[in-house]
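Chemist: Letter by letter, the chains look like this.
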Amino acid sequence: MMDLDTVTTGNRLALSRLLTEVENDTQTGRDALDRLFVRAGRAHLVGITGAPGTGKSSLVSCLAKHIRSELGMSVAVVAVDPSSPFTGGAILGDRVRMRDLAGDTGVFIRSMASRGALGGLARATAGVVQVLDAAGFDFVLIETVGAGQSEVDIARLAHTTIVIEAPGLGDDIQAIKAGILEIADILVINKADLPGAENTERALRANLDLGYTPRMLHNSTHMATANDSAQEGAQGWVPPVLKTIATQSVGMADVLSSIKAHRDYLQQTGLWKVRDQERLKAEVTHLLQTTLMQRWQRSVSQEKYEAILDQVYDREISPGAAIDILMNE
Amino acid sequence: MADKKIRVLIAKPGLDGHDRGAKVIARALRDAGMEVIYTGLRQSPEMIAEAALQEDVNVIGLSILSGAHLVLVPRVIELVRANGQHDVKVFVGGIIPEDDIPALTAAGVSAIYGPGTSTTKVVEEILAAFPAV
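If you read the protein sequences in the order shown, they are chains A and B. For the first sequence, this note's numbering begins at -15 and goes up steadily by one. For the second sequence, this note's numbering begins at 1422 and goes up steadily by one.
Simulated from the structure, these hints should not be mistaken for laboratory data. Values in this document were obtained by computation on a predicted structure and should not be read as measured data. A virtual CB, placed ideally from N, CA and C, is assigned to each residue, including glycine. Relax, there's no trap hidden among the hints.
If you only want the chain B side, here are some residues facing chain A, beta carbon under 8 Å, derived: (1) LEU1450; (2) GLU1471; (3) ASN1504.
Here chain A is said to cover these stretches of chain B; the calculated rule only asks that three of the stretch's residues, wherever they fall, bring their Cβ under 8 Å from a Cβ of chain A: (4) 1424 to 1438; (5) 1457 to 1465; (6) 1473 to 1483.
Construct the complete structure from the given sequences, taking the supplied hints into account.
Modeler: Put into structure tokens, the structure is as follows:
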């Protein structure tokens, strides 16, 4: 069995290798997660999401540097890029923007491929984050794949979600659509020196003026949720709209102070705990799904499965009817 | 369910500013199903070794066109081994005079790919080196 003390006392090789085990969902990785669970739950998990090219990696780099210089706290970065749906391969290029963090032992950067998951993170991201949390990092910054409109898994994983916009990407109708903008605890307009930044800011602010949807996720059915979300709305955390130029380190002090203010807000209202519960519930649900799927796969022979698929291909039975047959095996 | 991938770090040590070759290799390895961490231009050996450690890679590919390979490549390997990554394979691509090949091999380089090498060859050799991953 793996000696987990090495991981929590700063052995970077041991930490890195454990992250691989967790990412590959090996038995060693699962055992480690079980044992590290009690040591995690201390770090502030900050999600950074937004469309491709809005500057997520640059902002993460700049923010991490700012946390190091202003607070002296340690920072882990988990950066997710997409896997090819065809070959399973991936180019993980987020480190290109993070070169300024090199040589700082208070920073640990890990790139992950999404490996087929569609919500903006990889299936193993929560586990990787848990290991980094247990390893003692004060902040874990989680950068999603370039997100479109509905990659909202990050809101379930992070305490604080930053959504990055850039000027010129859409008109005010984009700002009132459901999805990614709703999950923002902090809205950042990066590349604020580009033309159109004022329009983007106006559209986002106008949308917030219409009311801020309390950020309790729709399918979260925790008993306390209704009250808590009412409280969140009533006590009014309205996402700040901040302007940054990440490549020139402009605006980072505001981002960091908003992150701290959001943390204080979550802790004072008790929502910190609620969000932790949301995350853990999602994790249990996810594990349950995976486990049930695996158990089911063991119970049905591949031949039987393919025979039924063939019937679907020939349009003899519908996909729904196929499920009925398969589940009654 | 275990889901393993070969992880490769593609890096350009030193000061030359041409990374087309590195990107072509990165793309070919991606298409072969590997996870390729690309770090960009002008990396010091220390930065490369640090990235290799944090990313727990199986392979490091160094692209060098500047002529400084006899200094940079052994230094990268030395740092990677000092970090405890003894099984990581290091290959070099770029302009490497034939006379320098023995020195690089002695330093621990597992393969050297000059101009005109087919990407298929690079892919096949990496896949052969890590059959279990």
